Structure formats: C-alpha cells, structure tokens
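*Asks:* For reference, the chains in residue letters:
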Amino acid sequence: MEKRVVFRSSWLPWALLAPQVTVIAVFFFWPAGQAILQSVQQSDPFGTSVEWVGLENFRNLWNDPTYLASFYTTALFSVLVAGLGISISLVLAVFADRIVKGALVYKTLLIWPYAVAPAVAGVLWLFMLAPSVGVVSYWLRVLGVDWDPLLNGRHAMTMVVAAAVWKQISYNFLFFLAGLQSVPKSLIEAAAIDGARPWRRFWTIVFPLLSPTTFFLLVINIVYAFFDTFGIIDAATEGGPGKDTSILVYKVYYDGIKAMDLGSSAAQSVVLMVIVIALTVVQFRYVEKKVNY
Amino acid sequence: MKIKFAMVACAAAVSVSAFAQTEIQWWHSMTSVNGEVVNDLAKNFNATQSAYKIVPTFKGNYTESFTAAVAAFRAGNAPHILQVFEVGTATMMASKGVTVPVGKIMKESGVKFDPSAYVSAVAGYYTAPNGEMLSFPFNSSTTVFYFNKDAFKAAGIATDKAPSTWPEVALAAAKLKATGHKCPLSIAWQGWTQLESFSAWHNVEFATKGNGMQGMDARMKVNSPLHVRHIENLANMAKQGLFVYKGRSNVPEASFISGECAMMTTSTGFYGNVKANAKFDWGLAPLPYYPDVPGAPQNTVIGGASLWVMAGKKADEYKGIAQFFNYLSQPDIQAATHQRTGYLPITTAAFQLTEKSGFYQKNPGTDVGVNQMIRKTTDKSRGIRLGNYVQIRTIEDEELEQVWNGKKTAKEALDSIVQRGNDLLERFEKANKS
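Protein chains in written order, with this note's numbering: chain H, 1 to 293; chain R, 294 to 727.
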C-alpha cells in the first residue's frame, strides 16, 4: 500500500512553499519575463524611446550568418567542456577515492578551483597561454608547436575549453567522490571474489551505480557551458580570432552589456533559453532512461 | 523621543544651510596618472570657490562606467557629469532627453563661452550639425607612430627621421627582420588606426554623410581600392613576418614597451607609459601614409572621451557645471593637463601656451599628435561618428583578424565590414528616427 502524508491545514503547504516560490519568481520568472518583453522591443540604452518591433530582433538574428555560425561553435564548445569536464573529474575522483593517506589534502586541492571567479580563471589561463609571455606557450614553442591563440581559432578554442573545464572539474569531482563513497563495498568485494578485475568491476558495478550522478552532472555541465562561461571567454579571447570562440552566451553578454543593444541581446537570451529547455527535456526523456536509480 | 528627533532634524537642516554647497557628481574612467589629474582638477576647482563641490568618482573603464550610468539613469540617480568615450558619442546624441547640450548650459548660466576657442578637429567632433556644442571635450587623443631607435640602429637604419610612408615602413621592417628581429611592426587599435584614422589621413571617406557627422543615414565605405590596397599590404607583411599581430585594443602596446616589437601605431595616450617604462631610446612620429595619394597626409581623427551633462538636474547645479567647464577651459589649466597626460590640448590658446613654454622642445614628439590635428579639416576628415559604433569596432577586429590569419582576402574582409556595419547602421537609423 502506498503511504501518503496529507496536510490537514489548507494554508500550511502554501506557506511552506512560499519562500522557494518567491525566490524562483524573483530570480527566474521575473527576469525571464523581462527578457521576453525586451526581445520584442527596440530601445536606446537609456530606455527613453521604446519601440515595439514584434519579431524583428529575431529576424535580424536569423539573417546574420555569423550568429548562425556561432551555434556550431557553441555546440563544439559545450560538448568539449561537458565531455572533458565529466571524464577528467571522474578519473580524478576514482583515484582520490582510493587514496588512504593524505586524502584530505588532495581533495582540498582538487576542490579549490571552484572558488575562482570565471573572469579570473580566464585571465589565469590567458597568462599561461599568451603567445608572448605565457609559460605554457614557451614550452610549446620549445616542443616545436607554433602556438598562437590570437590568430589560430583552434588554439583559441583549446585555451577557453581548458579554462572552462578546469573551473568546473572541482564541482564534478565533489559529486563523483560522494557517489563513489556511496557504492556498497559488499558489491565490489563480491565481484572481486567472483574474479572480476578492477577495470571490469568499475564498468559493470561502479559506473552503473554512478549513472544518476553522471546524468545530473551532464545536465549541469551543459547548462554551465551554455550560460556561465562568458566571463572566461571575455577575459581570454573576446570571442576571437574572428568569431571562432564567440559562443551564443558571449554574444548575449557583449551585445547587452558592452554594446547596449538590449533588444537584440534579449532576443538572443530567449533563443538560448529555448535551446537549454529543449536540451534538458531531451536529456530527461532519453538519457534518463539509461539511468539506474 | 519625538522632540529629540525633531531637534536632530533641525540641527541637520541648519548644518546643511550652513554649508550650502551644491555637490556635483562626476563619473570618470581615468586611471593612474590620468586619474590623479582628474582628482587634482576637482580639488583645485573646489578651492577656487565655495558654492559648488565637484565630486569625482572612478566607475571602471569606459564601457563599465557607461553601463553604470545607464543603470543609474534608469533608476533616476544619474551623475551630473559623465565621461563617455568617443565611440559612444552618436549613442549619446541620439538618446533624447538624456543629456543637456553644453552650449545651452553655458549660455543659460551666463558664462562667457566661445566655441571657436577650441581646436576645431576636437570640438567639431562633439558639435551638432546646427553648431551647438553637445559635450565638453575632455581628454582627446589621436593615432601616432612609435619606433624603437635602438632596434633601428642595430638593423642599420637611420634614426634621425622615422619612416614616414608605408613603403618606408615596409623597407625598415624588412631590414629589421633580416637582422633577426622577431616583430618588426605591430598595430594597436587596428580598426581605429588602420581604417578610421587611415581614411581621414588620406582624405578618403570611411563612411558616407561626412563619416556620419551629417546624419544618421551614413553607410560604410571602407572597401574602397585604397583601403583594400592598404590591408592587402599589411596582410603581405604579416605573411612575411614583418607585421606581427598582437591582439585587440591596446593589448599590443606591451610588446613595444618590452622591446619585442620595434614599430607600433597606437594612441598619443601611450606616450606617458613609454616615457615611464621603455628601457631603450625611442621616437614618436606622424602616422605613415601613401605618398601617391592626393591630399595625403590630411589630418588624423580623435579618440579619447568627452564630458556629457545629464538631464533632469536642478538649475543651480547646471550653473556649477558651467563654472567648472569654464575653469577647465582656461589656457593655463588646459596646458598643464595636456603636458601631464599627453592628451591633446583642446583650445588653441593652450597649445600656444605650451609651445611658448618650450615644452615641445624639451619633450620631442609630444607635438606630433597636436600637429596632426591642428589642420583645416575636410568633410572626409572631420571625424567619424557612427551609431552602434562599439559593435562596428568589434566587427573591424573580427574581420581584420581573419585577414591576418589568411582565412579571408583583404577585399572579402572589407566587404564584410561594410555589409555587417551597414546592417547595424540601418538598425540604428531605424531605432532613432523621430
């Protein structure tokens, strides 16, 4: 029989929900509503002349080949950031989980980067990889690589992906470590007694048990790559060379904050919102089926 | 309790009337030496009188302070004076009811104000087509050419005269390269120096309608044969390693200071930095040009920023602003600011005063920018004032980068700048027609 707990009071459940609903309304629904409103308007930066333009902001975007090209850049960037971020932190978590001595030190060091602001992360990697002064670019030159993120789009992409992944590894690492620690030791021992090698034990027991964590991190990392990385891009490449690292959210930031083109910026953030909602629905619909809770 | 509160309120009111000083907020973006100059100007003005108090506040770089001012204006507490960079000029002009023309404030406050005292290439930029001065020119810079004399000597190039034409620059770069120099030439502010100032310097249009100065229906013209020729030329130099790209805006400047790059085109505002930090003998010269182009060299265009007065303030506050601007225009104040910062003098009197003092002889090169600007301007060279200019600058960066890395030819990139720029100009015209 299903066990159900029912509130007798008619107002108490609402009262208990109210704080959370208020937070979501103020910090999500209200700004999202504003974005939709502004996306059908064109105004000067100061908002003194506001004109209704219907879908013109969206039409302008569609007619801009560089905007369409940045979908590809965004897809590439997100796949690289989410893929590398998740796999590297999984490897690190597995290793950290095995360590007996000094585990706290390793864990603290791995979690550290999460406290760094995105723009700082961008500048940090920029300094290491800058063609003239960077330490890493000096090593690369010694190795015979003609490193030039200022003009080579692939090098620039490598740089921003590295910064974005590095920044997110800590977060992923924490969740994987927690996930690993909740895998029952008895299962692993039983498999070991049955003669399964570590590699096999990992793929047949540990990884499936980690799948809810991995799925959660996939959603979070995609959202992170889509929304939270403009600071890194702005500090490291400003979207260049050309538009080779100009992902969708960077253009939203640039047009809205730097160029004060609020109508277009709002229209772009609406497009971005639709994409992320669609992606999340797809992930929950199809990827989640492969998840064992 | 109530009585006590009333007493405190009374005391507060009395103390306010005792120091009936009108505060005037001034938001600016000046750092280091230039930031000190701003604070000194406010302090000295406050000391000359007691009715008004100028309060300067640093609000981040030009883009940041502009964004902050927009937010403050929308919230109803904008500063009185806002420093806006030159690419924001058209936006400020088009935003109706946001600012008050400086000419109007001066007239209504009864302060003697003669627009013709200002250097025309500077003041003209901030003047409406009807002749009214809209904003107060504060820090104006222009594009010049810096070269490393030690590197020139090492390559066996004469240093008494800088290369003055682009063929001479290419020749010098080839000699530097031949003696093992890794970065003969680099370019800062590529759009501003190689397209915008380049156009005015050769007396060719950057955009129609007097480069946007005469109306919002201006369209881009940077794919002319001369522009294509110049960008092709630079692309070839890039291919041969004579020109090395070092990034957008003023980022490349560091590579001149470090001695890595031997020649550089950038702002006059770079002067103070080179003077303080370069550990080699260097020179400052006019921007190179093509000698076969008729009318070249004409004059270069200005950069830097001006002071805008925001609307919706009290009449008394505007009077204070007028007095402050009047103070800033005095030749001795102007001359001192010019000599400290390297920015251009904004009045002819200030220039003459500086010249008479022997400053230019003692500091060779400081007059290069001034001489490039104090000339009779043409409709093609007066200045460039376009809507959505911030985005157009970025488009210039994006497209030129694709020339330097060989993805596009000069013609393709310049055509693309024209097309993408025109889209923005059309939108600006549409959004601001009234």
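If you are wondering where the hints come from, they were derived from the structure by calculation, not from laboratory data.
There could be a bad hint or two in this list.
Claimed, not checked - Derived, one-sided and incomplete: chain H residues facing chain R with beta-carbon distance under 10 Å: (1) Phe-46; (2) Thr-73; (3) Ala-75; (4) Leu-76; (5) Leu-150.
As the list claims (entries may be wrong) - With the C-beta cut set under 7 Å, the calculated list includes, among others, these residues of chain H facing chain R: (6) Gln-42; (7) Pro-45; (8) Ser-132; (9) Lys-258.
Keep in mind it's a predicted model, so treat the numbers as computed, not measured.
Even glycine gets a Cβ: it sits at the ideal position worked out from N, Cα and C.
*Asks:* Would you mind marking each hint as holding or not holding in the structure?
*Replies:* A quick look at each hint next to the structure:
Checking Phe-46(H) against chain R: minimum C-beta separation of about 5 Å stays under 10 Å; hint holds. With 10 Å as the threshold, the beta carbon of Thr-73(H) stays out of range of chain R, its nearest partner Cβ sitting at about 13 Å, so the hint is violated. For Ala-75(H), the shortest C-beta to C-beta distance to chain R is roughly 20 Å, which exceeds 10 Å, and the interface hint is violated. About 17 Å separates the beta-carbon of Leu-76(H) from the nearest beta-carbon of chain R, more than 10 Å, and the hint is not met.
With its C-beta approaching chain R no nearer than about 6 Å, Leu-150(H) sits inside the 10 Å limit, and its interface hint holds. Hint on Gln-42(H) holds. Least Cβ distance to chain R is approximately 5 Å, under the 7 Å limit. The restraint placing Pro-45(H) at the interface with chain R holds, with a minimum CB-CB distance near 5 Å, inside the 7 Å limit. Annotation: interface hint on Ser-132(H) holds; nearest CB of chain R at approximately 6 Å, less than 7 Å.
Taking 7 Å as the C-beta contact cut-off toward chain R, the hint placing Lys-258(H) at the interface holds, the least distance being around 5 Å.
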